Amino acid sequence: MSHPDSSVDEAVERAVELASIGTRAVLGIAGAPGAGKSTLARRVVAAVDERLGAGTAVQVPMDGFHLSNAALDALGRHDRKGAVDTFDADGYVALVRRLVDARGTVWAPDFDRRIDEPVAGSIAVPPTVRLVVSEGNYLLDDTEPWASLGALFTETWFCAVDDGVRVDRLVGRHMRHGRDHDAARAWAVEVDGVNAARVAPTVMRASRTVRT
-11 MSHPDSSVDE AVERAVELAS IGTRAVLGIA GAPGAGKSTL ARRVVAAVDE RLGAGTAVQV
49 PMDGFHLSNA ALDALGRHDR KGAVDTFDAD GYVALVRRLV DARGTVWAPD FDRRIDEPVA
109 GSIAVPPTVR LVVSEGNYLL DDTEPWASLG ALFTETWFCA VDDGVRVDRL VGRHMRHGRD
169 HDAARAWAVE VDGVNAARVA PTVMRASRTV RT
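My numbering puts the first residue of the sequence shown at -11, with every later residue one more than the last.
Note that these hints are calculated values from the structure, not bench results.
You may find that some hints are simply not true.
As the list claims (entries may be wrong) - Pairwise CB distance ranges (calculated): (1) R86 with S56: 19 to 27 Å; (2) S56 with E5: 36 to 44 Å; (3) E(-2) with R186: 25 to 33 Å; (4) A139 with G64: 13 to 21 Å; (5) L63 with A139: 46 to 54 Å; (6) G64 with A34: 33 to 41 Å; (7) E1 with D67: 13 to 21 Å; (8) I9 with S56: 34 to 42 Å; (9) T27 with D130: 40 to 48 Å; (10) D168 with R39: 15 to 23 Å; (11) R65 with L40: 24 to 32 Å; (12) D168 with A139: 25 to 33 Å.
To be verified - The calculated SDA-like cross-link candidates involving lysine to any residue, where the alpha carbons are at most 25 Å apart (straight line), are: (13) K69 with A148; (14) K69 with V(-4); (15) K69 with F99; (16) K69 with W175; (17) K69 with S56; (18) K69 with A58; (19) K69 with T11; (20) K69 with T142; (21) K69 with E38; (22) K69 with P189; (23) K69 with S(-6); (24) K69 with R12.
All values derive from a computational prediction rather than experimental measurement.
Ideal Cβ placement from N, Cα and C applies to all residues, glycine included.
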């Protein structure tokens, strides 16, 4: 089934429409590692707040549900951090349900890249928020509990970018966080690349594709 293919500017305009409906909209932005999901989410939130007033939109990343490094060590999965089984998927789905309900202030976790750990209770989402933007790799995955997200999100967008650009972005990101170039590229290709291969086919379940 085909769906719209949008530029970033067109996607931003759609987000403003969603935030103007009157009831809360929860937008999911999926895509491979390095596709530009967080950058798009930040741009959407900034544009909506500029057009409709500060506090209209809030960004809530799926990355807040990374398992801690200690938990990954215990599971023997630290060397595959970012894989689908290294997240608290049930916890994330439960949070999205609360965000859709829009009853009372919801406190969501964030992910601090400086310490490479999730941080609980970092993002306040009061009931006055009209648009919640949540981004992550596996929002369109067809395994449970991820598969239940499709019925919760108002819309789901797939963030798409040329693979070469995506890998270059990841190498730069990993170098900024302490890896040398060879280690950064190895992680981007061997670890992030496996995750990207899992994410790529999920584009068919998106409401629209956004070219970043």
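Hint check results:
no.: 1; hint: R86 with S56: 19 to 27 Å; result: holds, 22 Å
no.: 2; hint: S56 with E5: 36 to 44 Å; result: holds, 38 Å
no.: 3; hint: E(-2) with R186: 25 to 33 Å; result: holds, 27 Å
no.: 4; hint: A139 with G64: 13 to 21 Å; result: violated, 33 Å
no.: 5; hint: L63 with A139: 46 to 54 Å; result: violated, 29 Å
no.: 6; hint: G64 with A34: 33 to 41 Å; result: holds, 40 Å
no.: 7; hint: E1 with D67: 13 to 21 Å; result: violated, 42 Å
no.: 8; hint: I9 with S56: 34 to 42 Å; result: holds, 37 Å
no.: 9; hint: T27 with D130: 40 to 48 Å; result: violated, 26 Å
no.: 10; hint: D168 with R39: 15 to 23 Å; result: violated, 43 Å
no.: 11; hint: R65 with L40: 24 to 32 Å; result: violated, 41 Å
no.: 12; hint: D168 with A139: 25 to 33 Å; result: violated, 44 Å
no.: 13; hint: K69 with A148; result: holds, 22 Å
no.: 14; hint: K69 with V(-4); result: violated, 29 Å
no.: 15; hint: K69 with F99; result: holds, 13 Å
no.: 16; hint: K69 with W175; result: holds, 10 Å
no.: 17; hint: K69 with S56; result: holds, 10 Å
no.: 18; hint: K69 with A58; result: holds, 12 Å
no.: 19; hint: K69 with T11; result: violated, 36 Å
no.: 20; hint: K69 with T142; result: violated, 29 Å
no.: 21; hint: K69 with E38; result: violated, 35 Å
no.: 22; hint: K69 with P189; result: holds, 21 Å
no.: 23; hint: K69 with S(-6); result: violated, 31 Å
no.: 24; hint: K69 with R12; result: violated, 32 Å
In this structure, the earlier hints numbered 4, 5, 7, 9, 10, 11, 12, 14, 19, 20, 21, 23, 24 are contradicted, and the remaining ones agree with it.
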